[in-house]
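Engineer: The chain contents come next:
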Amino acid sequence: MNHIALKMLMGDKGKYLGIVMGLTFASLIMTQQPAIFVGLMARSYSFISDVGLPDIWVMDPKVQFIDDIKPMQDTELYRVRGISGVEWAMPLYKGMLKARLTDGTFQTCNVIGLDDTTLIGGPAVMLEGKLSDLRRSDGVIVDIDGAKDKLGKAAASPDGKNTPLKIGDSLELNDRRAIIVGIAKVTRTFQSQPVIYTTYSRAKAYAPRERRLLSFVVVKAKPGQNLDELTRRITATTGLAAYTQDGFKQLTYNYFLKNTGIPINFGITIALGFIVGTAIAGQTFYNFTLENLRQFGVLKAMGASNGTLLRMILLQAVLVGSIGYGMGVGIAALFGFLMRHTILAFKMPWQLLLFSGAGISLICIMAALISIMKVIRLEPAIVFKS
Amino acid sequence: MKIKYLLPILASTGFIFATYTVISGSQPMPVAAAVVEPASAPFKAFIAGSGIIEAQSQNITVGTPLSGIASSVTVKVGDKVKAGQPLFYLDDREAKSAMAVKRADLAKAQAEVNVALANVNESQALSRLAEAVSDKRAISAEELLKRRNTVLVTKAQLDSAKAAVRQAEAGIADIQTTLDRMVVRAPVDGEVLQVNLRPGEFAQAGGLGTDLLILGNLEQLHIRVDIDENDAWRFDKNTKAVAYLRGNRDFKFDLQIAYVEPFVVPKKSLTGDSTERVDTRVLQALYRFDRKQSSVYVGQQMDVFIEAPEFATAHRAGNLTHTGG
Numbered sequence: 001m002n003h004i005a006l007k008m009l010m011g012d013k014g015k016y017l018g019i020v021m022g023l024t025f026a027s028l029i030m031t032q033q034p035a036i037f038v039g040l041m042a043r044s045y046s047f048i049s050d051v052g053l054p055d056i057w058v059m060d061p062k063v064q065f066i067d068d069i070k071p072m073q074d075t076e077l078y079r080v081r082g083i084s085g086v087e088w089a090m091p092l093y094k095g096m097l098k099a100r101l102t103d104g105t106f107q108t109c110n111v112i113g114l115d116d117t118t119l120i121g122g123p124a125v126m127l128e129g130k131l132s133d134l135r136r137s138d139g140v141i142v143d144i145d146g147a148k149d150k151l152g153k154a155a156a157s158p159d160g161k162n163t164p165l166k167i168g169d170s171l172e173l174n175d176r177r178a179i180i181v182g183i184a185k186v187t188r189t190f191q192s193q194p195v196i197y198t199t200y201s202r203a204k205a206y207a208p209r210e211r212r213l214l215s216f217v218v219v220k221a222k223p224g225q226n227l228d229e230l231t232r233r234i235t236a237t238t239g240l241a242a243y244t245q246d247g248f249k250q251l252t253y254n255y256f257l258k259n260t261g262i263p264i265n266f267g268i269t270i271a272l273g274f275i276v277g278t279a280i281a282g283q284t285f286y287n288f289t290l291e292n293l294r295q296f297g298v299l300k301a302m303g304a305s306n307g308t309l310l311r312m313i314l315l316q317a318v319l320v321g322s323i324g325y326g327m328g329v330g331i332a333a334l335f336g337f338l339m340r341h342t343i344l345a346f347k348m349p350w351q352l353l354l355f356s357g358a359g360i361s362l363i364c365i366m367a368a369l370i371s372i373m374k375v376i377r378l379e380p381a382i383v384f385k386s
Numbered sequence: 387m388k389i390k391y392l393l394p395i396l397a398s399t400g401f402i403f404a405t406y407t408v409i410s411g412s413q414p415m416p417v418a419a420a421v422v423e424p425a426s427a428p429f430k431a432f433i434a435g436s437g438i439i440e441a442q443s444q445n446i447t448v449g450t451p452l453s454g455i456a457s458s459v460t461v462k463v464g465d466k467v468k469a470g471q472p473l474f475y476l477d478d479r480e481a482k483s484a485m486a487v488k489r490a491d492l493a494k495a496q497a498e499v500n501v502a503l504a505n506v507n508e509s510q511a512l513s514r515l516a517e518a519v520s521d522k523r524a525i526s527a528e529e530l531l532k533r534r535n536t537v538l539v540t541k542a543q544l545d546s547a548k549a550a551v552r553q554a555e556a557g558i559a560d561i562q563t564t565l566d567r568m569v570v571r572a573p574v575d576g577e578v579l580q581v582n583l584r585p586g587e588f589a590q591a592g593g594l595g596t597d598l599l600i601l602g603n604l605e606q607l608h609i610r611v612d613i614d615e616n617d618a619w620r621f622d623k624n625t626k627a628v629a630y631l632r633g634n635r636d637f638k639f640d641l642q643i644a645y646v647e648p649f650v651v652p653k654k655s656l657t658g659d660s661t662e663r664v665d666t667r668v669l670q671a672l673y674r675f676d677r678k679q680s681s682v683y684v685g686q687q688m689d690v691f692i693e694a695p696e697f698a699t700a701h702r703a704g705n706l707t708h709t710g711g
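Chains D and A, in that order, are what the protein sequence lines are.
According to this note's numbering, the first sequence is numbered sequentially starting from 1.
According to this note's numbering, the second sequence is numbered sequentially starting from 387.
Hints are computed from structural coordinates only; laboratory data are not their basis.
You may find that some hints are simply not true.
Example chain D residues on the side facing chain A (calculated, C-beta under 7 angstroms, incomplete) [unchecked claim]: (1) Met10; (2) Asp12; (3) Pro71; (4) Thr75; (5) Gly82; (6) Thr117; (7) Ile120; (8) Gly122; (9) Leu131; (10) Tyr255; (11) Leu315; (12) Ile323; (13) Phe335; (14) Gly336; (15) Met339.
Think of the CB as a built atom: it goes at the ideal place given N, C-alpha and C, for glycine as much as any other residue.
All chains should be modelled from the sequences, with the hints used to inform the complete structure.
Structural biologist: Below, the structure is given as structure tokens:
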């Protein structure tokens, strides 16, 4: 019987391809668009993942997300350090500063100030130079994307490519000299500004005069500490907000979900993909069933039970579904692979494969259901009509 | 029937590639390790603070009582000096010439004493001559009175001339003091930590932005620990304290309390910036430590941890009594 089902399905190549293509595109849209969405949202907290080492982030209670800097007094660092269960606590400066390039143009940069001694929170992947080179006077580390593009020396002709920054080149940050001592690879952030790493005290010198400059205190818990308990203790003792690394990611993520149009935009695209996929695949599959109604009638007349016919249709649906799904996610992954060196945000977590799989299954089930109803209601006598 | 096999193959390749993308994409970014391991407190509950090393005598910024051009600086950085040893000399030509004038004044005053003395002798002789005349008719009463008075006047002139000598002598002593003050001497035994004055430079009396010369007794170092006023109530000077050198936490020093300054001061952020910003107020506790390694320097910062009661369990009233001086 299964053999007959497959024969029926693949008998008409055009129709077969039509169904598969419909499902492929539905699967492609339902994978690729959410992947861009997830990639974009992951960028909102990529800085938190990049810093990595600390367990807990301490900040002003009114901070809403990672780029919402509400600086604290410097002594808060020592108050946090004095809380039991804290292995170490380090200052972290994060702020937007204008860099003046050698050709005179200005570029807003994300300046990160690391603890002078330990340099905790620095970039992990150094393409050139070492993290400890930051100890050199006026030393800064820039990220490779910034060095190549926005901070690069302007090309002679307007269409030419920028000359990337090299070690030893200089920038001007708030009228102070900064010498590039390293190039790092960092995960792109949401705003995709060039990232400049330097030491905390130097960042304070670069930053405009303010009484408070401590953006974050990053904390490592002593081994065996319950992180949630420690965050509560920090908040109770200092009155500052303390989040675990995941908690802070969640906070940032939720802020972007709530306060930007990104989820709605992508939600609409995904819904459209689903609807179009359902329409194309469902309609083609239904048409295909209608055309094969006579064959089903014959089978029914020959004594095939409803259950057998149902199994046949389900087999057909599962087959086209999985082929369409596999090709769709494959094309989406290929798309991500081809775009990996561009500014495009693309991230495929395993949940996404389940999501598009579920979507395709839903489309197939809906298409199959309509067909199944038709076949079950079918009178075998139809074969002898006309 | 190529399509029969082609599509499933394409589909499974696609799925495998997608799975690969998922796996490779979910690799977390590697995390940079700390360049040096940060210091961490050896106590369960503690107060953390930043400390700055200073000399036991504190760091004495030597000033000059008089403004002037430095003519010579007799010490170098690192010199050990005894109390009273000259550190630098100011240009004293003006004072020296004033001294010559004063000495001439003294000589003149002394000469005038001699003149006055001669006058006294003369008047006394004349007076004695007149007194010796027994016949009162030989000399008029007026003449006698005149001669007696002349004796008194010349004696007064002698006293005046002697006073002028003392005045001239006091003038010399005054210039001498000025000359002494132009030599700036070490107030205590110690080591020269910094010299910001070179011969020919103008040394300004009064409070300055840059210190002329810093002196300190380095036999025993102290560490001045800033304790946030919010934590001050938990501070107990009798508990254990340790300090770690920045940059290498293997340099650990056990601290003994020296004294606590009972006056809470505005914190200077130790950024080394020319304009220090005031953040909050801090209690300053001074600790002694054994300088077993030579790799500590005055002015260096350390991370300090002081054992303290747990925040939640600390009894407020009980601890307040400890914090006083």
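Engineer: Are the hints correct? Go through all of them and say.
Structural biologist: Now the hints, each set against the structure:
1. Met10: holds, 6 angstroms
2. Asp12: violated, 11 angstroms
3. Pro71: violated, 11 angstroms
4. Thr75: holds, 5 angstroms
5. Gly82: holds, 4 angstroms
6. Thr117: With Cβ-Cβ at 5 angstroms, under 7 angstroms, it holds.
7. Ile120: holds, 5 angstroms
8. Gly122: Since the shortest Cβ distance to chain A is 5 angstroms, the answer is holds.
9. Leu131: It holds, given that the least Cβ distance between D/Leu131 and chain A is near 6 angstroms, below 7 angstroms.
10. Tyr255: violated, 22 angstroms
11. Leu315: Status violated, d = 14 angstroms.
12. Ile323: holds, 4 angstroms
13. Phe335: Since the shortest Cβ distance to chain A is 10 angstroms, the answer is violated.
14. Gly336: holds, 6 angstroms
15. Met339: violated, 12 angstroms
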